[in-house]
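J.: Since the structure of chain A is provided, determine the placement of chains B, C and D on it from the hints.
Chains as they are written, first to last, in the UniProt record's numbering: chain A, 1 to 409; chain B, 1 to 409; chain C, 1 to 409; chain D, 1 to 409.
Do not take every clue at face value.
To be verified - No farther apart than 27 angstroms at their CA atoms in a straight line, the calculated lysine-lysine pairs in the DSS-like style are these:
1) B:Lys98 / B:Lys161
2) A:Lys277 / A:Lys7
3) B:Lys110 / B:Lys161
4) D:Lys161 / D:Lys33
5) C:Lys98 / B:Lys35
6) C:Lys277 / C:Lys294
7) B:Lys394 / A:Lys316
8) D:Lys277 / C:Lys394
9) C:Lys35 / C:Lys19
10) A:Lys394 / B:Lys137
11) B:Lys172 / A:Lys316
12) A:Lys98 / D:Lys98
13) A:Lys110 / A:Lys98
14) C:Lys35 / C:Lys394
15) A:Lys161 / B:Lys316
16) C:Lys394 / D:Lys289
17) C:Lys285 / B:Lys394
18) D:Lys316 / C:Lys172
19) D:Lys318 / C:Lys289
20) A:Lys289 / B:Lys318
21) C:Lys294 / D:Lys33
Source of the hints: derived by calculation from the structure; they are not laboratory data. In this text, all values refer to a predicted model and were calculated from it rather than measured experimentally.
Here's the letter readout for the chains.
4 protein chains.
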Amino acid sequence: MAETLIKVDLNQSAYDNDKLHNRWHPDIPMVAKVKPGDDFIIECVDWTGGQIHNNDSADDVRDVDLTKVHFLSGPVEVEGAEPGDLLVVDILDIGAFKESQWGFNGFFSKQNGGGFLTEHFPEAQKTIWDFNGMFTKSRHIPGVEFAGLIHPGLIGCLPSKSMLEEWNTREKALVDTDPERVPPLAALPYAETAHMGQMSPEAAKTAAAEGARTVPPREHGGNCDIKDLSRGSQVYFPVYVDGAGLSVGDLHFSQGDGEITFCGAIEMAGWIHMRVKLIKGGMQKYGIKNPIFKPSPITPRYDDYLIFEGISVDEKGKQHYLDVHIAYRQACLNAIEYMTKFGYSKAQAYAILGCAPVQGHISGVVDIPNACATLWLPTGIFDFDINPGADGPKQALDGSVDVPLSKDL
Amino acid sequence: MAETLIKVDLNQSAYDNDKLHNRWHPDIPMVAKVKPGDDFIIECVDWTGGQIHNNDSADDVRDVDLTKVHFLSGPVEVEGAEPGDLLVVDILDIGAFKESQWGFNGFFSKQNGGGFLTEHFPEAQKTIWDFNGMFTKSRHIPGVEFAGLIHPGLIGCLPSKSMLEEWNTREKALVDTDPERVPPLAALPYAETAHMGQMSPEAAKTAAAEGARTVPPREHGGNCDIKDLSRGSQVYFPVYVDGAGLSVGDLHFSQGDGEITFCGAIEMAGWIHMRVKLIKGGMQKYGIKNPIFKPSPITPRYDDYLIFEGISVDEKGKQHYLDVHIAYRQACLNAIEYMTKFGYSKAQAYAILGCAPVQGHISGVVDIPNACATLWLPTGIFDFDINPGADGPKQALDGSVDVPLSKDL
Amino acid sequence: MAETLIKVDLNQSAYDNDKLHNRWHPDIPMVAKVKPGDDFIIECVDWTGGQIHNNDSADDVRDVDLTKVHFLSGPVEVEGAEPGDLLVVDILDIGAFKESQWGFNGFFSKQNGGGFLTEHFPEAQKTIWDFNGMFTKSRHIPGVEFAGLIHPGLIGCLPSKSMLEEWNTREKALVDTDPERVPPLAALPYAETAHMGQMSPEAAKTAAAEGARTVPPREHGGNCDIKDLSRGSQVYFPVYVDGAGLSVGDLHFSQGDGEITFCGAIEMAGWIHMRVKLIKGGMQKYGIKNPIFKPSPITPRYDDYLIFEGISVDEKGKQHYLDVHIAYRQACLNAIEYMTKFGYSKAQAYAILGCAPVQGHISGVVDIPNACATLWLPTGIFDFDINPGADGPKQALDGSVDVPLSKDL
Amino acid sequence: MAETLIKVDLNQSAYDNDKLHNRWHPDIPMVAKVKPGDDFIIECVDWTGGQIHNNDSADDVRDVDLTKVHFLSGPVEVEGAEPGDLLVVDILDIGAFKESQWGFNGFFSKQNGGGFLTEHFPEAQKTIWDFNGMFTKSRHIPGVEFAGLIHPGLIGCLPSKSMLEEWNTREKALVDTDPERVPPLAALPYAETAHMGQMSPEAAKTAAAEGARTVPPREHGGNCDIKDLSRGSQVYFPVYVDGAGLSVGDLHFSQGDGEITFCGAIEMAGWIHMRVKLIKGGMQKYGIKNPIFKPSPITPRYDDYLIFEGISVDEKGKQHYLDVHIAYRQACLNAIEYMTKFGYSKAQAYAILGCAPVQGHISGVVDIPNACATLWLPTGIFDFDINPGADGPKQALDGSVDVPLSKDL
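Just chain A, with the same shape it has in the complex (with noise of 0.2 angstroms):
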């Protein structure tokens, strides 16, 4: 078996294991060395570092401190490595802990993160979902089951400081064009809940006020949430300093695609076991900006879809040009809609397509005014038939279970 480089205990606070950090900084320490053909595994907490717990009440949702997140494992240096090299991860394996087979799904209160549905599910909400070896299911969610397409959320190498420089500036930008906002428009950095890994408590305290926010995708990867980045696949990133740095957290035993209630896929603490090779100088070879990939020969089938539309049209009517953001959520409303009619509650629904290997398609982007696109709902993963039909849906459920919902305070 491969060596595992970090260990986690999920006893302890993510704080007091200095093998993890939740802000991208280049002076970030490593805390392990590997060389190029090597392979490894690197345990990970939950992106919350356990604020969420398997039980039935959304309060923890509720109240979860999202200036916390997200944990990520490492950084781990690369032999050889240099800025303009891309770093090849093969992703061999992920899994949750045997003592910890399980994970969450939730909806953010709107005060506090919201999600893409937000003005339909204002409220804390959450799923809790057992793991059956390689499948899943819920308590909450009666009559789907399905494996995982496993991946880590979050994984990407450290950036440089003018990389960092450029992120905090083009953010604080944003911000600033309306920074009153709630939820902001961006997640500056913020000193005080972050953990610099092994970082001198002084060297520590300046990092951590321009330390960039782990929240979004940026051009070193990071919070891509990207569904497809699963086991099996081989990822190239690239690298900015000496040594890459790569770091990785925020697994998911599953998720569909745009994460869309944000909190998010079904998350889990785990492991991730890597092997890693260079191409020097790949950034320049093959002009690479973002990191790109080839998914894995080893995913889930469920390859029979029903597929839902939207448009540009919001659901109050009003036209909006070629926005694909709002024809996504129209096509996530039809099919909640869709899905209600065989029994299920919305929260429900809207729990499926955060969870589920729902692919969403960029269908059209240039008819004007009307962006088109798609949702693609695998029916293989519901215990019942779930196309339509002449004689109508068929209630396979019977409304005696739903997801737990916590009022905001």
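T.: Relative to chain A, chains B, C and D alone:
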């Protein structure tokens, strides 16, 4: 062989064929009648009605009159269809005419419609694609051949009067926010070039002034340009008028998600073989607002992809807020840059993204401020290995061939 | 459109078309000539040369003259092809004629050819399949519709004189082990019904006496009846004579692995569109004895299967030694028995296994004394759910329709 | 995490673990009990019970004692199961032990079991495969790496007394047709090395003399060695005794169709996670004799194949009558010959066919006298391009590494 209900003559003006029309209006007379369970064939001109020719000049793309598009065949009456029903359409097959085994793709001039990357490709360009059985290749883009994912770009039922009004109202409201914009924010009714099918001249005059343009996708489907609505798929269309009034056109031999080149896919004239049935009252039974569909069991299997990420930071480095449109544009630009390393011109690469069965996924839409979109480039369409490797890209093309361009006049 | 090199007239006797032949012999004159890189179309009669008709009687299947089969179109000369080369054939497309949108499947009488399960189905039966675009269904088998995996049952190059001698010698030796057997162990040359193409009458007389029958697959490919050699695939054929001499026929709209009904697949007349090129000296370069091929990127995606096992213990309980033939027969019988529980007659079930894109896998061949074979029945071809469940099978058919049968005379 | 019902110690003799057994007999006592709906884990030794080691000598393969195989874990009692029921088994996951991340493949000496191609590979050889997460590669076969299609080679329920008698009777009858044959035609009961689980010594003595060997697949499934019975699949097993008595073993990390190397697949010790339920009276309801199953939604997607044909003319040119066994052997030999052109030794190529997810199809079984079988070699398992091309094969390997061989003593 099923009956051909509507025939076209490619040597005739589309205006002289009274079984075609190029506007949406509830009063356009039905031109043929079928019963539930029937299958039948409908012939279609290309979307421009023959404005683009099989040659090596982009003059026709530059000079196209976009007020004339799209020429549709229909409407076809389905016996017993009533508002509120779902019209189930099995797309049994689609093909080009024996004597017209080619299609075109182009970029419109920024002054005349533009496209998704019009800032980068501001002038008219055109590629011609020859069909060889189920496969296509272009004399303007060496090294690429692939099987067609053949589909109608535009298909749907006639709107009711109230729906038509809703369309016109909301699109006018959008245009009114910036009425002088070039290109305009939406394509409003335009009587001069309207073809109102078999309406009497007087009735047509009035109706043309309010007939909706065919450009955008809307609730009825219409110009959704979804590449996966391909032959073999099964589509459920909302019905708004007695008899449904199914019209179809804008056939594509192949297209990438987004139809980013706008002109558009590999556009062709041809025929479509369909079978219809009804789900009475299906719109309410299933809560349907936009069409839903099941993909075909017989689509080209280009399943090995190279995937490019894009985030909502634009080409100038400006940060946008969860803008999938911009994120997808970055993913496209990243893919174009990559392909140039193998010898393609940027225009060739752009055309490939518009024509080949490229997927565009909405990967992340909640991680403020960056949306994340991915572009999936199928590797099997290339004659050579386009994957990254330690040795760097091997120049596969000598640059002797490029995409014809016609300067603005 | 590519040129049609060989045309057929379905109202004419196959013997009257001198671009057809029904025996393999190196001296059959080439009927057309192409160059490497060319693509072209060849028309074909059905394998029996029109002996079977679109009606509801199996008399024609019972009375078929099997000495006349298979009528092939060709041979086509490929410029520059020499013995030892590989002839690369891209199968660009295949289709039925517009005026002949149907095919047939049958079981021969045990007295006239029989089939894989002839002990169980000893009398002639026939099903007719109508084509609806890319799909087919049979008025004799309700509840089943599927897309065609269209392919040539028979394709290959002319044998050399020495190869022909080898064939005749080894097959004669086999027949000689049991010369009185009915049916015979092999189909030896038979001059009377031979069609030797454009050979002069005198030459034909001699050649017919030694021309190999077209029944079995051999080193050159020939009647391999491989369902996956479908349109879109790329085949590498050994070349034995100057000019290669490519002939093709026995087109199938669809077939299951094994072509177990013998008559056979869904048999049809139609056209095939091909493109050829050469790998000079390819047989030795790649160590090729039999053809190799790459499957098509465009095959029907019926990927959900119900899989039946069979072992080499026969219907009477007798143990055989690692006999895959018997094991596959058991798997087929198991599948037939299963399908009867949903209302199919055994003949209908047998026909489905012969016609639908069923897979037959050689699963285990070393675990003495039982070989293990599996039959993969695609569930998506049925209108109803054919999976097992706790409630037992739901009768889906009323038994009012069955497969026509004609008693032996 | 589900409970582990049966544990194994890889340092202990399999004979010392009373929850294992290596013969089939209705009286073997149940070692654990579960209820319908339960999921649980069972650990397994490798099929030989640890006779083969992770080293570079084939001595252990040469000297293996095949009377001891296969060591199975079980039987497990399922509450409420009765003869005539179907036991539905969801294979939720399978894995190797953390401390035993490797497997072996070998060819037995012709004097001790042999294999499918034993005439060509008459001496003992062995390859060791290391597991890297979901992937495997062998230090004895460069240039190949692939994801595991992990499955149990052997699984099924206890036979009833009458079924056991039927097995013994028919297999004895076969052996009696050639009792002196080496290797024998079947593996008859053999008391000396029998492990009868928790039977009392006296009872075991009698039972061992009639307990069926585990070598062949039979009506209950057993050693079917079907690669597609993989993790994620759902299997329906006939039940013959009260409590069902489910046993499992012979775990494979990967295998090609046919398991042609006999020793066999990539053999490993490990654990299997299953969930069971019952279909009462299911055997009759569905007409089930042998197990049926649904393949997994999560199997490695090596979908690009190079396909080799074989016909039933043997290596010496002798014609056989519709013999699929011989046809598949020719297809295998053709594939081996092809692979040598890229630098593999024949032994390496043979091992690849035994280990990789190769498909073997029964393509034609009615075209007298030649059966046609196809071997599907997945191209994606190779580090280099193994497709044919105009330039001929590019030597990919330097021949410095080969498969260890141990001469017969």
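J.: So which of those numbered hints doesn't the model satisfy?
T.: 1, 3, 7, 10, 13, 14, 21
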